[in-house]
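With chain P's structure known, arrange chain W on it following the hints.
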Amino acid sequence: MTKGALLIARNNGELDYAKQAVFLAKRIKQHLNIPTSVITDSVDYINDSLDHTVFDEIIPIGYTNDNNTRKYYDGTLASKTLNFKNNYRINAYDLSPYDETLLLDTDYIISNDLFKSCFDSLSDLQMFSKSQDIANIRDSREFIHISEYSVDFYWATVVFFRKTPNNELFFNLIKHIQDNWSHYVSVYQLSSSLFRNDFAFSIAAHILNGFMTGDYVSPLPGKHMYTTDKDILWKLEDDNFTFLVEKKDYVGEYTAVKTQGQSIHVMNKFSLERIINDEQN
Amino acid sequence: MMNKTKGIVVLAQNNETTDYVQQACLLALSLKFTNSNCKISIVTNDNISAKYKNLFDEIISIPWDDSAIDTEWKIENRWKLYHCSPYDQTIVMDTDMLVLQDISTWWTFLSNYEVFFTTKVHTYRGNEVTGDYYRKAFVNNNLPNLYSGFHYFEKSDFALEFYTWLELVVTNWQKFYEIFIKHDKPTWCSIDVCTAIVTLILNCEDKISNKIAKFPSFTHMKPNIQDWYSNKNKWKDCIDVYLDNNLQLKLGNHHQTGILHYTEDDFIKLSMLKSYYKELYNDN
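Taken in order, these protein sequences are the chains called P and W. Note that our numbering has the first sequence beginning at 1, numbered continuously upward. Note that our numbering has the second sequence beginning at 1, numbered continuously upward.
For the record, the hints were derived by calculation from the structure and aren't laboratory data. Check the hints yourself; a few may be wrong.
As the list claims (entries may be wrong) - Not everything, but these chain P residues come out facing chain W in the computed CB check (under 7 Å):
(1) E148
(2) Y149
(3) G210
(4) F211
(5) M212
(6) T213
As the list claims (entries may be wrong) - Simulated coverage check for chain W against chain P, where a stretch passes if three residues somewhere in it have a Cβ under 8 Å from a Cβ of chain P:
(7) 110 to 118
(8) 253 to 267
Think of the CB as a built atom: it goes at the ideal place given N, C-alpha and C, for glycine as much as any other residue.
Same shape as in the complex, but just chain P (with noise of 0.2 Å):
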């Protein structure tokens, strides 16, 4: 059986996803040990300006223009509305060219070696349910369900599938939401109409349990934790992160929190990027 991560690296003009995919396979390498493909419409990008030896495969898709936008937040005081380029990860399972495949936003940061587990699991869909917030002073119910109402919160963020008929089920579902994604906004009483990767693999999750909380798919080892972007990614030296994380009440005030040995979702791309810059210098 082949095995792999795999990232989709589609660049909005302003963020650069690339990069992020560059710098995120060579973690991967290092404390995963396994080969990382790319989904990326910058190839020519890719081959020309990054590191592209660190890929197994570099799969091309092409550039779109999509109208689909979002504010990305660099912090509590500064943001940017822009291109949100998300509507291509249902084609992960289709495109990937391992058997079993790890699929990682590129603002996943890797810092240990618990996703091996993840290939000796019986499960053969893994994904974060439960997640837990760095600052730990935001409402996080946002991250419990997909909406007040309506069903559990299953993160994209991270997904182990191996190609089997019910995860080729699984994908299937996610594009047909997708196709359909007004009447489930509706159906399942979303507050907005952006499409969400973490809202259609929630609705599928949830309808392949038969409309139940259920085990169709398994809980990734270890526990979901993330920064938003309304925080900011100070430094980074190997697996020690350095956030400053906002402060209740005091807006554009933040506490300083540490973590070592602890994989984390950088929600903030814009203070990644740097981080990923003042490295490569």
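Then chain W, alone, in the frame of chain P:
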């Protein structure tokens, strides 16, 4: 040895706003659909439509006088169910419930007990209820967290003792509240609180409940225990109801199984539930 008789008993007393007999008929219809061999009897002094009378194994008048003639919730007669149940083994249910699955294995579990009360209930999403919005008196007075909406007894010396105490507490609830309820004292006679007081008096919580077993239980639809972000007046204003031709019920996209305690009477008026069940019953 003779087989013990068993069945469900409901107490239905209409008031000015709610037709509890109608609710009981719907409960009986749901039972026919999911547990066709399970008997159900109704205890009531109200009229039952002729076409629904044969839903019930027995129609029993409220024994002795109506102790709830001046009250809205009508729970003052609850303790009489022990004395008038026609069965050796009885499950007591609230009328505003639906039985959505085969519960025959629950009987097997319950036969290990002389009296059993549910201590855990669930949200429509299937999570165990942890909120104490409606249970302040229980939490703040260390009362056993029992739900009488679904409970069980077998005719026995212990069950008789339990219900004899329940009669005493219900008929003198203010005096017992003075002794046992120091904080968040309800201003009405709560059958759950009275049951909890009896449990303390008899020191029998472990004997009448099981904190490990997930079932028997029910889905409790009171709105402010659903893990929602803020308090709501009615759950029906918040989530949609979906019902298919096979009477599979979804609330807010969550498939419902077990026993549903819908709590809001307009649920059966506004949904297609009643007509679906009626159609099913008439077809048979």
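Outcome of the hint check:
1. The restraint placing E148/P at the interface with chain W holds, with a minimum CB-CB distance near 5 Å, inside the 7 Å limit.
2. Because the closest C-beta pair between Y149/P and chain W is about 5 Å apart, less than 7 Å, the hint holds.
3. The beta carbon of G210/P comes within 6 Å of a beta carbon in chain W, closer than 7 Å, and the hint placing it at the interface holds.
4. Because the smallest distance between the Cβ of F211/P and any Cβ of chain W comes to about 4 Å, under 7 Å, the interface hint for this residue holds.
5. Nearest Cβ of chain W to the Cβ of M212/P: about 5 Å, under the 7 Å cut. The hint holds.
6. The criterion of a C-beta within 7 Å of any C-beta in chain W is met by T213/P, whose closest approach is roughly 5 Å, and the hint holds.
7. With a cut-off of 8 Å between beta carbons, the stretch 110 to 118 of chain W has 0 residues touching chain P; three or more are needed, and the interface restraint is violated.
8. Coverage of the stretch 253 to 267 of chain W by chain P holds [criterion: at least 3 residues with CB-CB distance below 8 Å; count 4].
When the structure is compared with the earlier hints, a violation turns up for hint 7 alone.
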